[in-house]
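Engineer: Using the hints, position chain W against chain E.
Top line first, the protein sequences correspond to chains E and W. For the record, in the first sequence the residue sitting at position 23 is 22 according to numbering that gives the first Met the number 0, with numbers rising by one throughout. For the record, in the second sequence the residue sitting at position 109 is 108 according to numbering that gives the first Met the number 0, with numbers rising by one throughout.
The hints are simulated quantities; they were obtained by calculation from the structure and are not laboratory data. Note that the coordinates shown come from a computational prediction; the quantities given were computed from them, not determined experimentally. Just so it is clear, CB atoms sit at the ideal spot from N, CA and C, and this is done for glycine as well. Check the hints yourself; a few may be wrong.
To be verified - Stretch-level coverage of chain E by chain W, calculated; a stretch enters the list once three of its residues show a Cβ under 8 Å from a Cβ in chain W:
id, segment
1, 102–111
2, 159–166
Stated by the list, open to error - A few chain E residues that don't get close to chain W, going by computed Cβ distances all over 10 Å:
id, residue
3, Asp-13
4, Ser-25
5, Val-86
6, Leu-125
7, Lys-153
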Amino acid sequence: MDELYSTGRYGVVDILHRRIWVNTWSESLAHDIRRVFRTHVSTMVVDLRCFDNFNDELVDSNVSLNWQIPHMQHDDRALRISCKNPVHDTTINYLSGHLTNSQAITLLRDQQAKDLQQIMLFYRYLKSYIFDPDDTILQSDDSIKQKKICYHEKIDDIFRAEINLEKVKGKIQDFAETQFDDCFDYSSRVMLAMRRLYG
Amino acid sequence: MDDLIYFSSLTVSIYDQSLKERDYKHQEWFNLNQAELWPMHVNSRVTKLDTPWPLANTIAPLPTRNLLSEKRFDIVIESIAEEFAQLIKKTGRKPYVCWSGGIDSTAILVSLFKTCDQNFLNNLTILLGKNIHQENSYFYHHFVKDRFDCQDIDQFKIDSSNYHKIIVVDGEAGNQIMGHAASYKLLYFNQEDLLDRDWKTIKNLTEIYTGSTDFHHELIQQSIKHAPLPITTVYDYFWWLGFNFKFDDVLLRKMLSYGKYLTPEQSNDFWNHGLYRFYAHDLMQQWSMLTLDLRRQTCKRTPKYEQKKYILEFDQNPFWFANKHQEASMSDVFFKMPITNSVFALDRAWKKYSFSNQEDRRALGRILEKA
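Isolated chain W, as found in the complex:
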């Protein structure tokens, strides 16, 4: 067990609760998950974390140069959609888009509807989350139903027969691009002024980030020294928390589901050629860095303002624009995976490590000095 690109400390601590006890030498790493929306798998994209498990380098390095000057969300997401359509044309693979009805995946659908030709759209299958009618019934009935091939995402299976013939798009990393829910909570609690404050002037950061400890803030502040842009305000601080520490987690966690029926070689192929992440695209990440100050202001009107404005211009639904808020939706299917699935780690060769395997359990015990 080495070079782990994914290690769910949450899953491992569910298996062995004693890892969180005070007298265990690495307990602080397993208690990190008590903080709100902290990643199950933690990695820093700019520093090497001194985890007790053998953590590989990030699978999502930051874009090296920021050449983007475009601040308009519509132009950025549509250029990514156009690139995706070209890729589909070039590879001949069949496109699937996971649509939960939430903000991130709806913005992706809009960009595809606006930019892609009819041949592409005829070939597209939309994988529907089970909460569509609660999340965005209007959009479903007016823009999806009877117009596109739709399939229940719970019935969708990637296996040896199709992994090399498809490309799956999902909305992962949208939250990390747009901002952090801890910021939105401050808005609700009528503390929006805090978002503009220099985080260094906050006496006790653990009070404004629910469940966090000094160890969280040590990790965050250590990484801030290596951030490619100034992390000045409380809004920046929370955004950086997600952008730096959670990016790997959100990109990899679904691989437990996507790769469930795949060999390590097939998983590797699917990861490299069968997945297309709009929000992890270099352009989108650069846009996120470029518009940090802008979003700090617009989130006070409504979180994810830019995406929602983009969707409003397409669907003309003022209620969804004004009222829709970020929530865990499609990801819930996969959040359950670490609990219902015994896989707790993946290495760089896409080998899975599972509690159902005695050797893996022993190796884990040795690594964590619990054997």
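Extracted from the complex, chain E is given alone in its bound form:
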């Protein structure tokens, strides 16, 4: 499961409970996680370097749920939870203060939070490892490109629609198997990743 390990300066941060669900070095990946998981939890992408005690070793996927950003006193731009809030489409880099090592008080039990985090980390892994953003195929012939984009969207939809890791894995595997003829490279990478991660 070390393959799922993640760290980095871009935190996917719970808007209301202020805890860090996942952090990664890829800003675009952080926003992908924010967008896809929005149906499960409202988050924003924060540049954790805003906080004076942040360093590269401080926060990672093993401990990030126990780290909180400070309250955004007198600044509620990011607090307006709406699909249309443009603040959420950008990385928030105007905050300051200390990250605190504390448990967020929420209605989610610790294990439930970890379960959701595992699904996010699985998504991050698939996106970063399997779907290389520099994939030359994505820049190729229109019809192939459309198939690839559609593949990405279908994967995203599975993560939106399911809340259980086993079901996500099952659906991803089923989907990849049905797509071998149309998207052999993606599907074979998905299958390989599934074997590496989960045997």
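Structural biologist: Frame of chain E; chain W shown alone:
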């Protein structure tokens, strides 16, 4: 232009920015919209407001007697759902439910799924908001998709051919029943103790209600004297703000959209027989008054706790229960209406007043002493 049941001061002030300037005699009424979530159309359900425009009495008077002793949200919403199903059976009209994926409309769907028979559900069409996959994808895929007839709400049209054959349910007034977002903001800012404080002990209420002025608080406090229950705490104060001043607005604002292709007579018929509002039902309003103290406590766990708990018991989705928060969703379609639609007022006979009509513009100018 008289007896206006709806008058969007926001739309009018967008048309004429000078209405908000300091030297205009009625400017305070047009600057009210600067406060967060203040109604575009303001009316008080317990007092007569001295607006510069001819404001009709409320279209949503408070329930006269509070006979309800039931504090359980599930029992209340399901009894309303049962009543709605009976109405559909009796009238033979086709039921449509607007579903944004948000908390208010999801609770309505759950109540219908739990209480209605298969004949009703087979006849039901769900009008989907465009943000369903961002708001509640899990619920859509597990309880709606492939089970119900669904239609894109943006493609749904009410006109002379169908207005008398349908009944539309929407989640309007849910926010006013459950609480006010200003309370939830205090929770975020770690000021939850303020919710329990007597509002009279707050030195400057304008500081805890973003964008508000003394005039807002004069209006609110004047109406509190006539409230049917004690408005004691800051939580009560914010709830009352929505419950008293915004109820008419949320019930009427969609009529600009629903009634877009209807004559005044057809609009009147649709309003009286074609709309069914769960959260404006007398039972729900009574529940809201009865559980005010309870909700002041439960909102500290999560806003709209009762509704979300009800949904959780049905869909078993702990993430949505713990994380979902109130947001403008389906209403956004209609929030745009006052800006994209030139209609700025409706009178009691459902006549529309529009900036595209020169006579209406002149009449407005005379009323507002701007001619």
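Engineer: Are the hints correct? Go through all of them and say.
Structural biologist: Verification of the hints:
1. 102–111: n = 5 at 8 Å, threshold three: holds.
2. 159–166: holds (count 4)
3. Asp-13: It is violated; Asp-13 of chain E is separated from chain W by about 7 Å at its closest Cβ, not greater than 10 Å.
4. Ser-25: holds (22 Å)
5. Val-86: For Val-86 of chain E, whose nearest Cβ neighbour in chain W is about 13 Å away, the distance exceeds 10 Å, so it holds.
6. Leu-125: holds (18 Å)
7. Lys-153: Given that every Cβ of chain W is farther than 10 Å from that of Lys-153 of chain E, nearest at about 13 Å, it holds.
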